[in-house]
Amino acid sequence: MRYLPHTDEEISEMLGVVGAESLDDLFSTVPTNCCCRLPIDLPEALSEWDLNRHMDELSGNMAVSPDYKVFMGAGSYDHFIPASNTYVRSRSEFVTSYTPYQPEMSQGTLQGIYEYQTLAARLMGMDVATASHYDGATALTEALLMAIRKTRKQKVAVSRLVHPLHREVIKTYFGPTGFEIIELPAGPDGRTDLSAIDGLDDIAAVAIQSPNFFGCIEDLKIAAEKAGAQKALFITSFTEAIAYGLLKSPGSLGAEIVAGDGQSLGLPRSFGGPGLGMLGSKSKYVRSLPGRLVGRATDVNGKDGFVLTLSTREQHIRREKATSNICSNNSLCALSAAIYMATLGGSGLRRLAEMNHQKAEYLKNELKKAGMTIPFSAKTFNEFVVKFPDGFKSSYDRLLEKKIVAGLPLASYYPELADHYLLCATETASREDMDMLVREVTV
Amino acid sequence: MTEKMGTTGLILKEKLLWERGKTGREGFSFPRQDVDQTPMDPEFARDDLDIPDLSEVDVIRHFTRLSTWNFGVDTGMYPLGSCTMKYNPKTNERQASLPGFAGAHPLLPESLSQGALELMYNLERYLAEITGMDAVSLQPAAGAHGELAGMLLIYAYHKSKGNQRHKIIIPDTAHGTNPASAALCGYTPVPVKSNERGVLSTEDIAAVMDDDTAGIMVTNPNTLGLFEENMKEVADIVHAKGGLVYGDGANMNAVMGIIDMKEIGIDVLHLNLHKTFSTPHGGGGPGSGPVCVNKILEPFLPVPRVEKKDGKFRLQYNRPDAIGRLMTFHGHFGIMVRAYSYILSMGPDGLKKASQLAVLNANYIKEKLKDIYHLPFDRPCMHECVFSDKHQSGNKVSTLDIAKRLLDYGFHPPTVYFPLVVSGAIMIEPTETECKDDIDQFIQAMRDIAGEAKENPELLHKSPEKTKVSRLDEAAAARKPCLAG
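Those protein sequences? They're chains A and B, same order as listed. Reminder that position 47 of the first sequence reads as 43 in this note's numbering, one-by-one numbering, no gaps. Reminder that position 329 of the second sequence reads as 339 in this note's numbering, one-by-one numbering, no gaps.
For reference, chain B alone in the conformation it holds in the complex (with noise of 0.2 Å):
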């Protein structure tokens, strides 16, 4: 057996925020009192605001103990299916902090933001271009919202053309999100199976796409990590019943400059530049998802667009058949920043081969498990390989004992239980910016847990061990939920 990446250190234990502090401590540095003090009329005024006084080295303290018990894509691979845990390049956090960005008022007279505009105007063009579409918004402030905007753009679509309709198609292979985003324009989802491929068939789409069914969502490459090798046929089946496609884009991180998403059929595209551009998930946000549409939507974008014109920026309002607006403001600019920043360091050769590089890593994992763990669908993989736990099961070993497992061998796990077509999945991500010397650790970690759970499943039951905190009863945490102290 090789050695282990996980071992065990000096972990602190660090009480709750308001177990900490005495009144009368302060970690703030108060400007000077230049003006008179005219006291709020005490009416209005609150007496209750029970928030601890700290100092400013109680508050560096607490939550520098609190990231220790943490791993990020900084600290160790993070194979984590579907999500594209790819590098954040630290250049990227440098511009957005820039003051000029950072500091800018939202509203602030065209005038006096011309570089914010340029920046939006820019990367709305870059990511047409990369994925093909012809217009983009980037107000959208994480997937399942550029998802939403993608539902009320195919309803503005069918609205304007007098004809609501009312189902939408959706794979089962689709992300939750999906059926969420489009239960909010009140379409009804219509769940078709993918086939003994993994992809969907024409014939199934055929049978359920009709006039009343406003169109489909897939993700491609789909979550099984194929390529979708119908969409063509299955977009023309969509668009000869009046029908529109809709594209989930969270897997956009394995076609760059491969795939041309309009080619292929694709109607309206949302991106996740928490994802494909390389901007860090913050332990769940914030993101943004982009929406990318062909001609025949951009009417409908969100307001306010960015134009040029004689060579300034502005924001165009002025949109009859817009769906509105999304966001308070212009979206998530400080990601926006960054996955600028990620584009022009990257340039289109090396986009392409970020994406050629993420399959080749999958590829790579998938031949060196596929003959000790069960991959239902052994054929070419894109950016993501699906295995699941059968060959483990015999030993009472399940996928959860699995990743719980991978912990202490310092990796985070891969997503589990996603897609749900197949049981007990084991989705696999690698992402580009892996290299060869720590995939193959993984690919050994994972082997050697395929071992134990043969020789010793009571190792994987009991895991992890090396962490602040093994397994967490979940169960009883939502039976009598404790959410605020």
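Okay, chain A solo, but in the shape it has when bound (with noise of 0.2 Å):
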């Protein structure tokens, strides 16, 4: 086997020294009580060529680009990653290396990790970022509970209009805990009714998402003086992170947290993972974070240097009053939306961002000219709602055999909503694909 070095001459010398008969007799400290299983019954070892042979087979049983039509975001986005992004992502020394827990021979992500923390700072208008979480629905979960923690309050308000599987997870982490969520609904424009947080009692924080589900952007700055009111934490939560290259950043509006997911930052969709969750404060909140920073330092030379800093919040030092348990974080990702970051750079990042505006503008208005309806007024960034024709089901069906995905149905989710759909057109979308896709949904 191509992994394991060892000749049977080097094995036999090093059972020698070991004082071991045999590979087996190395297990001679596990009771036989435990020693008793029988051989893994698994396929027999396949060679590269056939392993190849057998994962494209799999994977070439799946509906992707440029052979399906896939109009669907929701959380998972389609953007063009250049590749000397891949390239540079893939050196192996920032693949193959550990957390940087011996800064001295890390140099290399630690100061990746600090540039992806400021550009992302910058990106959401806060004035620190984590080194990432797994997602954006851990991210989110996270920052509700730092919430909890520094307000000392046992209640949230979240949006109806988050993720629907981002307040999953929240509910999910919240199951054992008591700490209770406080569903503020959505208004009939497509955004959260932002009255409903009038009133609210001893809540530890407010959690808006914006571009919302339905694509809406929300008024962060109402929602921000309102959660105010209440002294609350305002926490505004994200899933397509380009939408920031164009939108007022949610601290600049007020946001006092900001988590979402950076996967649109240059990640494939992957079928969902990894993904990239990110995290930002205000500094006063810095060191009530969850999860690893990279701080600036200074070597006993006098040189500029990185280090993993304020490593007291976390579980290896402060065990079960850790600030949070994560340990391994989705650091290549962090750097991969670095590289795609600075790949773009702020005019890049605004050009794609209203490219991204444009060509979802443009299939809401032909859909409305098609005669469908968008029910929501509010201003969308790149994903909307349209409500098809009653029984749209068949056509939808219909269209997947034509390698279109007509958007994600929206009913499992919001039960109101039967017949209407999100659909999302990024930059890889072009006119051409778009109009079949209006000329088919109106066949």
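Derived by calculation from the structure, the hints in this document are not laboratory data. Model, not experiment: these values are computed from the prediction. Cβ atoms here follow ideal geometry from the backbone N, Cα and C, with glycine treated the same way. One thing to keep in mind: the hints can contain errors.
Example chain B residues on the side facing chain A (calculated, C-beta under 8 Å, incomplete) [what the hints assert, rightly or not]:
id	residue
1	ILE70
2	SER77
3	ALA152
4	HIS155
5	GLU157
6	GLY267
7	LYS305
8	ILE306
9	HIS342
10	GLY357
11	LYS406
12	SER408
13	LEU410
14	PRO423
One-sided and incomplete, this derived list gives chain A residues near chain B with beta-carbon spacing under 10 Å [stated by the list, open to error]:
id	residue
15	GLU17
16	LEU54
17	PHE76
18	LEU289
19	GLY367
20	MET368
21	ILE370
22	PRO371
23	VAL439
Make the complex out of the two chains shown on their own, each in a separate frame, by following the hints.
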């Protein structure tokens, strides 16, 4: 086996040093009542050639672009990833290293993550960003737990237009804690009904996603004021990071903690993971943040460098009193996001975000012209809700056969929205493909 | 003295990203503008995004230079205890980047995602077979997330019995993530000490296990690299009082094909695909932490579950007892592809052999260094061995000095100061993918350093000297944190 370098002679020599008769004999300290297993029943080893064939077959059994036209976002977005990004992020010094516990030989990862933290903080309008979390849902959940610790209050208010799967994760984490989730309802224009915040008593945090699950841009400024009036921390979240190439940052509108998913920043969708949990805060909360942080430091000779810092918040020091149990995070994804943001630059991110907006506006207008209903009036970014004619399901299935995925059906997430679909168009959607979609749904 | 691996080369300085670039440069190829330009309402638009504009060459050169300041498994031996820094096979990267996997949307209709679902279904079966457990969920994102999943399952189990418990037993050798994960479920950790043999004793467990204790979290082999020889008896005590046994599978690399985890009394176990199953650590992640359970806990596993019916794969959401969802989508699918590829490349015999050789390498190092470094538990070990700086501390040389000196020799140091039960611990896990030559070189480096500790301790205090930076002032960094530029 090509990953096992030992020759038979070496094995005998080493067994001799250890004082064991055989490889099996190495396990003599395992008591007989523990050492009784049958041989593992797995397929026999495949050659690299056969493995390729098997994996080609499995991966060929998936609907992906360019064969399929997938007009679906909902937390996982199709953006172009430059070859330069894939190439440089694949350098084995980045890929095959561990957490930078030995900073002297990890300065590459450390500076890269420091740069990610900086760019991520600027994108979100925060003072600091953590080195990464698993995904948007876990980052948002950790943000809420942080607010609960900070305020010592037991309830949080979460908009119904936060990604439904993020809300499911919050519910899972909160299960054993007794913390209560109050749902802020959706208003008729596709944005959260912020008046519901008034009169909420004793809440630790208000959490609003913008652009929300329907793609609508929320009024974060008003939400921040209302949350402040209830002495609750104002948390915002996002699933489409590209939006903030164009939209006012949550921090500039009053958010104190921002959580989101950074998959859009140069990461493949990869059937949903690994993505990138982004989490930032204003500087006054930095010592309550969960997860790793990289900071600047100076070495004994006065040279500048970087280290993991403020680790007394973390589980390996504080154990059960830590601000989170997180250890491995999504470091390489954060580095990839830094590479992607650097590739676009501020000007490019703006241009890309504008293009996303324009593509989706085009599709929305064409569908409207073709007689489809756009039920929500609020401004959207690169996805939006369409109400198709009653009983559209059969048309949807027909389109699947034509290799078109006409958005995400919303009824299983919002039962009142039968025949409503969430559609997305990014810079990768060509006018030709969008015209085809419009033609096909109106057949 | 032998020739050292570590040498000096030309290392280039590199500015911070935003100290490079000029407004107007670009590194991205934009598609043709084929729709009307509908501007965003200025009320919503920002004008403060301060990210530098760089060319493609700027970006490549910047990050390439950064990468040269790093050390990875591909660079050299990385015997970081408890982290299983084995070789990361390159074919795995090929498989994960196949367009059908990398480009797949997670909410595609099931009929359009059969390939990914089949892979997940198979991987669950394989991991169940390797561990001996009955069912697996691949959803947790990393080891600590798998631990949290395990705790939530135990919580859900006790809740279903109508009798929630409030404590959990955690040995003093446990990873810090264990108590932190238990705390998220409101369980108060009850610490127990390992005995003079470095393992749990049945008397200590019996003394603390009661009917308000939800169970025990055991790492086996434990973080001293020793097999918990009383495992079965410990499990019996916990089960007799209605508790459950959680296994931290971080050290599974020692026992593939050798130990059946269900058989030794474990009810729920997490695995680290980024340790045992060869997926790269990426400078800290992403990992993947599947959770494996026995039949009793199966109904509580997170949703959705992958099922096979009439030859088709589907996602099952309708599971009333499930703890819920742990991530937005299905977990770190890209990591699962790599682990699946590894298991198929190794086959059953290869996996068993990997564990045997991991244990052989660790015992070989232990034998070759124990005359010169203090070995607190002089017994056959599993996949890692733990020394201390006791013999060197007389010369005012600490574990930290030894670790830093290893950098100059061209090795990544072992895990240091963990487990906490050994003062000045040096925890060495070579893994099976290191060949005897490299291990011999590492042993020689450790022996040379022990010599230097006696003759020239100052050399160790000043190390490392060949790295890009020397020792950094971590205390000052934490006092006045600078976390963004």
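Comparing the hints with the structure gives:
1. At a threshold of 8 Å, the smallest CB-CB gap from B:ILE70 to chain A is about 6 Å, leaving the interface hint in force.
2. Interface restraint check: B:SER77 against chain A, minimum CB-CB distance 4 Å, threshold 8 Å, status holds.
3. The criterion of a C-beta within 8 Å of any C-beta in chain A is met by B:ALA152, whose closest approach is roughly 4 Å, and the hint holds.
4. A hinted interface residue such as B:HIS155 counts as satisfied when its beta carbon comes closer than 8 Å to some beta carbon of chain A; here the least separation is about 7 Å, so the hint holds.
5. Checking B:GLU157 against chain A: minimum C-beta separation of about 7 Å stays under 8 Å; hint holds.
6. Contact between B:GLY267 and chain A, as hinted, is supported at the beta carbon level, the nearest pair being about 5 Å apart and thus within 8 Å.
7. Taking 8 Å as the C-beta contact cut-off toward chain A, the hint placing B:LYS305 at the interface is violated, the least distance being around 18 Å.
8. Interface restraint check: B:ILE306 against chain A, minimum CB-CB distance 18 Å, threshold 8 Å, status violated.
9. Checking B:HIS342 against chain A: minimum C-beta separation of about 4 Å stays under 8 Å; hint holds.
10. The beta carbon of B:GLY357 is positioned within 8 Å of a beta carbon in chain A (closest approach about 3 Å), and the interface hint is therefore held.
11. At a threshold of 8 Å, the smallest CB-CB gap from B:LYS406 to chain A is about 17 Å, leaving the interface hint violated.
12. Hint on B:SER408 is violated. Least Cβ distance to chain A is approximately 15 Å, over the 8 Å limit.
13. A cut of 8 Å between beta carbons decides the hint on B:LEU410: the least distance to chain A is about 10 Å, and the hint is violated.
14. Against a cut-off of 8 Å between C-beta atoms, the interface hint on B:PRO423 holds, since the closest Cβ of chain A lies about 6 Å away.
15. The restraint placing A:GLU17 at the interface with chain B is violated, with a minimum CB-CB distance near 12 Å, outside the 10 Å limit.
16. For A:LEU54, the suggested interface contact is upheld, since its CB lies about 4 Å from the closest CB of chain B, less than 10 Å.
17. The beta carbon of A:PHE76 is positioned within 10 Å of a beta carbon in chain B (closest approach about 7 Å), and the interface hint is therefore held.
18. Interface restraint check for A:LEU289: the shortest CB-CB distance to chain B comes to about 6 Å, inside 10 Å, so the restraint holds.
19. Interface hint at A:GLY367: violated, since its Cβ lies 20 Å from the closest Cβ of chain B, which is beyond the 10 Å cut-off.
20. Restraint check, A:MET368 versus chain B: the minimum CB separation of about 18 Å is more than 10 Å; hint violated.
21. Restraint check, A:ILE370 versus chain B: the minimum CB separation of about 14 Å is more than 10 Å; hint violated.
22. With its C-beta approaching chain B no nearer than about 20 Å, A:PRO371 sits outside the 10 Å limit, and its interface hint is violated.
23. A distance limit of 10 Å between C-beta atoms decides the matter here; for A:VAL439 the minimum to chain B is near 20 Å, and the interface restraint is violated.
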